[in-house]
Amino acid sequence: MEYCKTIFIPIKLDEMIKMGKTSEKPKVRSEIPRKGDLLNKFKRGIEDRPFTSDRQVVSGTPGKPCLFCQGEHFNDECTKYSSLSARMKRLQKLHLCVSCLKSGRVRKKCRTNQKSCFYCKSFDHKGAVCPVKFDLTKNNSSETSVK
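Under our numbering, the first residue of the sequence shown is numbered 7, with each subsequent residue one higher.
Hints in this document: simulated from the structure, not taken from any laboratory. Where a beta carbon is used, it is the ideal one built from N, C-alpha and C, also for glycine. Hints may contain errors.
Once the Cα atoms are required to be at most 30 angstroms apart in a straight line, the calculated BS3-like pairs of lysine-lysine come out as [said to hold, decoys possible]:
1) Lys139 with Lys70
2) Lys99 with Lys86
3) Lys139 with Lys95
4) Lys108 with Lys95
5) Lys108 with Lys121
6) Lys127 with Lys86
7) Lys108 with Lys139
8) Lys115 with Lys99
Here are the simulated distance ranges between beta carbons [as the list claims (entries may be wrong)]:
9) Gly69 with Glu21: 22 to 32 angstroms
10) Glu21 with Lys121: 55 to 65 angstroms
11) Glu21 with Lys70: 18 to 28 angstroms
12) Glu21 with Ser122: 55 to 65 angstroms
13) Gly77 with Gln98: 49 to 59 angstroms
14) Cys75 with Val138: 56 to 66 angstroms
15) Ser128 with Gln98: 11 to 21 angstroms
16) Glu83 with Gly110: 18 to 28 angstroms
17) Glu78 with Val138: 52 to 62 angstroms
18) Gln120 with Glu21: 12 to 22 angstroms
19) Glu21 with Lys108: 20 to 30 angstroms
20) Leu100 with Gln120: 51 to 61 angstroms
21) Lys115 with His79: 28 to 38 angstroms
22) Phe124 with Lys99: 49 to 59 angstroms
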């Protein structure tokens, strides 16, 4: 077997050299793009792209309008529907799932791969309808009114 390898390798090399002679000549140096040109082209491509929702979340502005009132704020910052009961009624009226805030789903059957709630880390609702968040805001407002 070792003998076959020693014969096979030189034959393959000869074939590769012959193919190299008949193939197209290498490009002229000026036709090959330079590293700097490629980087500039890449940077321009990034700058021309519109912002995505991920970038907008990082910058503090929502990518989509508020689900409850269509305002320009995050769902959990809605002042028009400021109570948990008002938000739950609005979700029912819009036929939206409490777990994922999307239409056409029922909470019990929703199997969306979603992130946990920002406030309580539960997976069965979003932060906009978190009971813990609303308890915290009630406690904070009652503490400030007592002082």
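Results of checking the hints against the structure:
1. Lys139 with Lys70: 22 angstroms, holds
2. Lys99 with Lys86: The given pair, whose Cα atoms are some 15 angstroms apart, holds under the 30 angstroms limit.
3. Lys139 with Lys95: 17 angstroms, holds
4. Lys108 with Lys95: 15 angstroms, holds
5. Lys108 with Lys121: Distance ~14 angstroms between Lys108 and Lys121 Cα, so the pair holds.
6. Lys127 with Lys86: 25 angstroms, holds
7. Lys108 with Lys139: 21 angstroms, holds
8. Lys115 with Lys99: Distance ~19 angstroms between Lys115 and Lys99 Cα, so the pair holds.
9. Gly69 with Glu21: 22 to 32 angstroms: Cβ of Gly69 to Cβ of Glu21: about 57 angstroms, so the range 22 to 32 angstroms is violated.
10. Glu21 with Lys121: 55 to 65 angstroms: 56 angstroms, holds
11. Glu21 with Lys70: 18 to 28 angstroms: Cβ of Glu21 to Cβ of Lys70: about 60 angstroms, so the range 18 to 28 angstroms is violated.
12. Glu21 with Ser122: 55 to 65 angstroms: 60 angstroms, holds
13. Gly77 with Gln98: 49 to 59 angstroms: 20 angstroms, violated
14. Cys75 with Val138: 56 to 66 angstroms: 22 angstroms, violated
15. Ser128 with Gln98: 11 to 21 angstroms: 20 angstroms, holds
16. Glu83 with Gly110: 18 to 28 angstroms: 26 angstroms, holds
17. Glu78 with Val138: 52 to 62 angstroms: Hint violated: Cβ distance 26 angstroms, outside 52 to 62 angstroms.
18. Gln120 with Glu21: 12 to 22 angstroms: For Gln120 and Glu21 the Cβ distance comes to about 57 angstroms; the hint is violated.
19. Glu21 with Lys108: 20 to 30 angstroms: 60 angstroms, violated
20. Leu100 with Gln120: 51 to 61 angstroms: 18 angstroms, violated
21. Lys115 with His79: 28 to 38 angstroms: With Cβ atoms ~30 angstroms apart, the hint holds.
22. Phe124 with Lys99: 49 to 59 angstroms: Given range 49 to 59 angstroms: violated, Cβ gap about 24 angstroms.
Going down the numbered hints, you'll see the structure goes against 9, 11, 13, 14, 17, 18, 19, 20, 22, while the others check out.
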